[in-house]
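Chains as they are written, first to last, in numbering that gives the first Met the number 0: chain W, 0 to 529; chain Z, 0 to 309; chain S, 0 to 266.
Just so you know, not all the hints are guaranteed correct.
Pairs of lysine to aspartate or glutamate residues, derived as EDC-like cross-links and limited to a Cα-Cα distance of at most 20 Å, are as follows [unchecked claim]: (1) 411(W) - 294(Z); (2) 411(W) - 31(Z); (3) 321(W) - 160(S); (4) 154(W) - 97(W).
These are computed hints drawn from the structure, not numbers from a lab.
Keep in mind it's a predicted model, so treat the numbers as computed, not measured.
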Amino acid sequence: MSSFASAGRSGTPWWRRCAIPLVAGLIGLLSACAGGSGDSAQARSGQLTLAAPRDLFAGPDDPYFTHQALQVWEPLVTLDAELKPSPALATTWKRSADGRVWTFQLRGGVRFSDGSPLTAEAVVVNIERFRRIAPKQSPFFSLDAGMESAYGRLKEVRADGGAVVFELADPVADLPARLANFFSMIQAPSAFDAAGRFAGKPVGTGPYMLVSSSKGQRVELIANPHYWGKRPALGKVVVRTIPDANARVAALRAGEVDALIDKGALLTGQVGAVAADRRFRVTRTPSVLTHYLTFNSSRGPFADPRLREAVDLTIDRTMIAKRLLAGTATPGASFLSPVFGDLADPNVRTPYDPERARRLVSEVGRPSRPITILISSAEAGQFPYTDIAEVLRSALDQAGLPARVSAVEATKTTMESGDYDIFLSAYSVPNGDADYLFRRFLRSDAEWNRQRGLGYDSEEFDRLIDRAAVSTDTTERRDLYRKVQRLLATDRPMIPVAYQDNPVVASNALTGLTQDACYLVDLAKIAPAS
Amino acid sequence: MTFAVSRALGAAFALLVVSVLTFSLTSLAPGDPAEELLRRGGIQPTQASVAALRAELGLDRPAAVQYLGWLHGVLRGDFGRSYADGTPVAAQILSRVPATLRLAGAGFLIAVALAVPMAVRAQIRPHTALGRITRALTSAIAAVPPYVVGILLVSVLAVELRILPTGGDATADGVILPGLTLGVATAAPLMRLLRSELAAVDGSPFMALARAKGLTVRRAIVLHALPAAAPGAISAAGVALIELVGGAVVVETLFNWPGVGQLAVTAVRQRDIPMVQGYVLFAAMATLLVLVLADVCVALVDPRLRDKSR
Amino acid sequence: MTRPTAGLTAGGALLTVVVLGCFALPLVSPHDPYRPDPVNALLPPGPGHWLGTDQLGRDLLTRTAAAGRTSLLFALAVTAATTVIGTVTGAVAGLAGGWPDRILRQTSTMALALPGLTLALAVSGVLPPGYTTLFIALVPLGWVSCASVVRTVVRRTAMTDYVLASRTMGASIPQLLRYDIAPHVLGPACTVAAGDFARSLTAATSLSFLGIGLPPPHVDWGGMISEATPLLLASPRLVVVPAIAIALAGLSVMLVTDGLRDPASGP
Numbered sequence: 000m001s002s003f004a005s006a007g008r009s010g011t012p013w014w015r016r017c018a019i020p021l022v023a024g025l026i027g028l029l030s031a032c033a034g035g036s037g038d039s040a041q042a043r044s045g046q047l048t049l050a051a052p053r054d055l056f057a058g059p060d061d062p063y064f065t066h067q068a069l070q071v072w073e074p075l076v077t078l079d080a081e082l083k084p085s086p087a088l089a090t091t092w093k094r095s096a097d098g099r100v101w102t103f104q105l106r107g108g109v110r111f112s113d114g115s116p117l118t119a120e121a122v123v124v125n126i127e128r129f130r131r132i133a134p135k136q137s138p139f140f141s142l143d144a145g146m147e148s149a150y151g152r153l154k155e156v157r158a159d160g161g162a163v164v165f166e167l168a169d170p171v172a173d174l175p176a177r178l179a180n181f182f183s184m185i186q187a188p189s190a191f192d193a194a195g196r197f198a199g200k201p202v203g204t205g206p207y208m209l210v211s212s213s214k215g216q217r218v219e220l221i222a223n224p225h226y227w228g229k230r231p232a233l234g235k236v237v238v239r240t241i242p243d244a245n246a247r248v249a250a251l252r253a254g255e256v257d258a259l260i261d262k263g264a265l266l267t268g269q270v271g272a273v274a275a276d277r278r279f280r281v282t283r284t285p286s287v288l289t290h291y292l293t294f295n296s297s298r299g300p301f302a303d304p305r306l307r308e309a310v311d312l313t314i315d316r317t318m319i320a321k322r323l324l325a326g327t328a329t330p331g332a333s334f335l336s337p338v339f340g341d342l343a344d345p346n347v348r349t350p351y352d353p354e355r356a357r358r359l360v361s362e363v364g365r366p367s368r369p370i371t372i373l374i375s376s377a378e379a380g381q382f383p384y385t386d387i388a389e390v391l392r393s394a395l396d397q398a399g400l401p402a403r404v405s406a407v408e409a410t411k412t413t414m415e416s417g418d419y420d421i422f423l424s425a426y427s428v429p430n431g432d433a434d435y436l437f438r439r440f441l442r443s444d445a446e447w448n449r450q451r452g453l454g455y456d457s458e459e460f461d462r463l464i465d466r467a468a469v470s471t472d473t474t475e476r477r478d479l480y481r482k483v484q485r486l487l488a489t490d491r492p493m494i495p496v497a498y499q500d501n502p503v504v505a506s507n508a509l510t511g512l513t514q515d516a517c518y519l520v521d522l523a524k525i526a527p528a529s
Numbered sequence: 000m001t002f003a004v005s006r007a008l009g010a011a012f013a014l015l016v017v018s019v020l021t022f023s024l025t026s027l028a029p030g031d032p033a034e035e036l037l038r039r040g041g042i043q044p045t046q047a048s049v050a051a052l053r054a055e056l057g058l059d060r061p062a063a064v065q066y067l068g069w070l071h072g073v074l075r076g077d078f079g080r081s082y083a084d085g086t087p088v089a090a091q092i093l094s095r096v097p098a099t100l101r102l103a104g105a106g107f108l109i110a111v112a113l114a115v116p117m118a119v120r121a122q123i124r125p126h127t128a129l130g131r132i133t134r135a136l137t138s139a140i141a142a143v144p145p146y147v148v149g150i151l152l153v154s155v156l157a158v159e160l161r162i163l164p165t166g167g168d169a170t171a172d173g174v175i176l177p178g179l180t181l182g183v184a185t186a187a188p189l190m191r192l193l194r195s196e197l198a199a200v201d202g203s204p205f206m207a208l209a210r211a212k213g214l215t216v217r218r219a220i221v222l223h224a225l226p227a228a229a230p231g232a233i234s235a236a237g238v239a240l241i242e243l244v245g246g247a248v249v250v251e252t253l254f255n256w257p258g259v260g261q262l263a264v265t266a267v268r269q270r271d272i273p274m275v276q277g278y279v280l281f282a283a284m285a286t287l288l289v290l291v292l293a294d295v296c297v298a299l300v301d302p303r304l305r306d307k308s309r
Numbered sequence: 000m001t002r003p004t005a006g007l008t009a010g011g012a013l014l015t016v017v018v019l020g021c022f023a024l025p026l027v028s029p030h031d032p033y034r035p036d037p038v039n040a041l042l043p044p045g046p047g048h049w050l051g052t053d054q055l056g057r058d059l060l061t062r063t064a065a066a067g068r069t070s071l072l073f074a075l076a077v078t079a080a081t082t083v084i085g086t087v088t089g090a091v092a093g094l095a096g097g098w099p100d101r102i103l104r105q106t107s108t109m110a111l112a113l114p115g116l117t118l119a120l121a122v123s124g125v126l127p128p129g130y131t132t133l134f135i136a137l138v139p140l141g142w143v144s145c146a147s148v149v150r151t152v153v154r155r156t157a158m159t160d161y162v163l164a165s166r167t168m169g170a171s172i173p174q175l176l177r178y179d180i181a182p183h184v185l186g187p188a189c190t191v192a193a194g195d196f197a198r199s200l201t202a203a204t205s206l207s208f209l210g211i212g213l214p215p216p217h218v219d220w221g222g223m224i225s226e227a228t229p230l231l232l233a234s235p236r237l238v239v240v241p242a243i244a245i246a247l248a249g250l251s252v253m254l255v256t257d258g259l260r261d262p263a264s265g266p
């Protein structure tokens with residue numbers, strides 16, 4: 000109070016005297032800080048700054064600690080562009096004639112980032128740890144109780160000389176595809192404590208090591224001196240987490256990050272404008288994600304297959320892929336997307352014929368109440384589901400099926416209570432196994448099928464997928480899966496709408512940004528453009 | 000002293016009710032968190048996994064038992080573990096408090112720097128053109144929701160002109176844009192509160208006396224009205240600070256500011272219920288702390304209020 | 000003082016224009032604000048569509064007006080609820096004193112403890128999205144400010160000489176409320192209501208902007224801006240138009256509130 004008084008007495012109003020230092024202070028703060036913003040530019044030499052929409056770091060309680068994309072750890076087996084198993088830490092594998100024993104040969108001369116060598120025993124420790132801690136949730140891929148979808152019915156995993164042997168109770172057609180990526184993560188046994196948690200930092204074999212991380216904000220990596228492959232061109236990588244899509248693109252355009260990576264790096268609506276900017280290069284690769292419509296066929300209008308067909312015919316898939324998904328997707332046809340290579344049936348067609356749809360509806364008769372199109376409000380933030388559902392509603396309306404859109408958070412509860420007719424949602428696979436989608440969603444005893452009222456009960460379908468899962472003859476397996484897809488194309492319990500690409504974007508100052516179908520970017524191949 | 004204690008007791012009771020409210024609301028929420036957790040990679044979990052996780056999270060117990068367990072933990076500083084990644088909620092919230100405080104502090108500084116001179120000037124000379132225009136402009140910007148102001152600031156200053164970073168706290172100047180967005184939104188209401196305080200004081204007899212003594216309007220206001228308005232100003236500042244922390248939710252999301260608000264929005268989007276519960280309780284605690292402190296400060300500055308309850 | 004009235008007049012006029020636009024436009028427009036027409040997506044402004052079309056080919060002007068109708072009606076509903084609840088509880092607490100008054104004080108402490116979007120975020124995050132949830136999220140806190148203002152006015156009025164006079168003349172409590180107290184409460188309650196309206200408008204649209212407000216196909220201004228932000232680079236007008244609309248609405252309400260609150264101190 001005394002300062003007020005003395006300020007007042009000296010003749011100048013105190014507020015003016017206060018305002019001047021305040022404004023000066025603010026300007027000083029601004030200019031002092033402006034000096035700091037230069038570091039992103041100087042960081043260009045030798046450091047790579049990326050941004051991802053989600054945290055690629057999960058922490059010591061997670062089964063994996065970090066996402067595979069950070070390349071701190073490597074799996075035994077990875078996947079190529081056609082979701083075929085390809086060598087990572089295992090170089091070759093062979094299966095016994097009955098498909099019950101699988102032997103994986105390890106890459107020689109590989110060391111973990113702490114300098115210890117990769118051994119078959121270390122691999123066994125990792126697989127057994129997974130089985131011990133399952134079920135376990137993860138923001139990446141949760142571990143199921145028993146790990147059956149990953150390892151089949153595993154009797155024993157053991158080290159045999161330099162090789163790792165999986166001995167199974169039942170034959171499995173393609174164990175490497177099931178193991179691929181997350182489920183065969185290998186880290187040094189010293190990384191884990193007795194309970195299977197991480198004791199400290201992750202200790203992997205990848206080109207990078209985790210230096211520091213702050214949850215939900217940033218991860219810093221440096222090159223692993225013990226890496227077995229070619230040393231990455233950029234010794235330091237910072238991955239920032241920017242959940243808001245617009246903040247992400249703003250950071251890219253403002254030059255604060257060099258590239259945007261990971262699933263959903265760019266929203267479909269942003270792709271066009273970013274691609275048009277000559278400072279950036281958008282890379283678009285097909286992904287394992289497919290948008291499906293699931294029908295509630297256990298009751299209501301869609302118990303009648305003709306109405307399911309009518310819906311199939313009213314969907315203008317080309318328009319959805321081109322316009323609503325802004326060209327980031329291709330129209331869906333076969334149940335398995337083209338990333339499954341020759342397993343996807345190229346002969347399944349999904350014509351757009353609203354006229355025929357109208358005829359089918361009038362044949363069956365108008366349903367007594369409007370159709371409910373269900374979407375998850377969480378997914379609506381990632382894809383323009385609101386728009387797609389709106390277009391679908393309008394198309395159904397014109398076909399004589401009045402509809403309403405319902406967006407809910409808890410889709411499971413809604414579906415189990417039967418309060419839906421069509422559910423629009425995207426699914427992907429955790430590994431390269433085609434069996435996964437069929438068995439999890441549509442087999443007559445699948446929980447998804449039974450509890451959510453899909454009402455799909457086809458003996459032929461069950462028989463076909465069961466045979467394919469154990470078939471060791473690749474041609475026979477392929478033909479079985481194609482047959483399954485033709486069956487699904489006529490039964491229509493779930494229909495694919497579009498196969499989603501995943502666009503990622505990098506500044507032109509970089510080269511070598513590539514991405515596989517599982518959203519994995521090879522950080523070690525990124526280099527400054529000369 | 001008794002005043003502070005009675006205030007604190009009232010706040011503690013309010014907190015208890017808030018905790019019951021928060022917990023019951025979130026347990027009424029439809030859906031099965033266990034399944035949604037396991038689905039987060041975009042894949043479908045098996046029934047056995049869902050059941051096992053439900054048991055692990057204690058979701059199969061009655062709601063009242065769950066509440067008591069939770070409350071017992073909270074009293075020991077354990078807010079439970081995040082559904083999203085299993086990390087302790089309290090640690091995650093605490094690790095983000097400094098960022099939010101930094102943002103709220105910057106916003107508060109900007110709001111005060113704008114509001115105080117404007118309020119004083121308005122009381123001294125209410126009808127100058129410059130004063131009118133600045134006040135009208137501040138009010139006009141405050142009438143626009145912060146997310147609109149924020150989008151505009153990012154597009155122009157960060158993306159097009161590249162003067163400032165788009166947000167985040169990687170560099171020291173990252174705070175400027177979000178701080179400005181928050182500060183401008185708070186300046187107008189703060190200015191209004193200060194003005195009415197000043198006006199009320201200006202009408203009191205001792206001001207008439209001060210003028211009768213021959214002081215100019217300006218000196219009378221600066222020497223007598225401002226100190227007399229201090230208690231009101233402190234309350235107003237407390238309210239403004241609280242509003243800032245509340246408003247930070249939108250601004251933090253918009254500017255990728257790693258504060259508590261961004262954490263809360265992410266938690267809500269992921270239906271991370273322990274995190275949402277922790278956030279609400281934390282926000283309530285912080286707010287009540289500010290309120291009680293402001294009340295105590297006011298009582299210290301203004302002896303008239305010490306004995307009255309209101 | 001004539002100038003402050005000018006602010007009120009200008010605010011009133013602007014508000015009238017905004018409200019009329021939002022309610023009349025969708026009625027007279029040849030376009031459906033909700034029905035997608037992807038063939039005409041992202042048309043630039045022209046004779047058919049004065050402000051062009053959005054990513055689904057819907058007329059931007061009509062859609063902005065329809066979204067405004069949703070926003071304004073919803074804010075009005077929330078304000079009506081908070082004002083009625085606030086006035087009744089405030090009057091009861093102010094007249095009765097004693098424990099009703101203590102309960103109100105304790106409740107307002109609680110409401111103050113959950114500022115801004117805190118509770119709203121939690122509620123709309125866990126309950127199924129929709130009007131009801133948003134309503135539940137915004138009403139609980141809003142009524143308290145109204146209640147405390149009304150309480151103060153009622154207390155002050157109840158102690159005045161003329162109320163005492165009416166009392167001694169045997170006026171019943173309802174009569175007191177109707178003839179002696181209500182006229183004094185009306186003004187402050189209206190001012191608080193106007194402030195509440197502006198706050199509800201911002202809060203509801205903010206939640207929609209964050210993607211946890213109204214679910215589709217309902218859309219308010221916040222939802223429109225949220226939908227359009229991915230297209231900020233490609234078609235800024237999709238963000239700018241609803242932003243201007245909400246700015247105008249906020250501005251007019253602010254002018255009216257200021258004019259009502261304190262006619263002598265308009266900007």
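Status of each hint after checking the structure:
Restraint check: the Cα-Cα separation between residue 411(W) and residue 294(Z) comes to about 48 Å, which exceeds 20 Å; the hinted pair is violated. Distance check on the hinted pair: residue 411(W) and residue 31(Z) sit about 7 Å apart at the alpha-carbon level, within 20 Å; holds. The straight-line distance between the Cα atoms of residue 321(W) and residue 160(S) is roughly 76 Å, outside the 20 Å bound, and the hint therefore fails. With a C-alpha separation of about 15 Å, the suggested pair residue 154(W) and residue 97(W) falls inside the 20 Å cut-off, and the hint holds.
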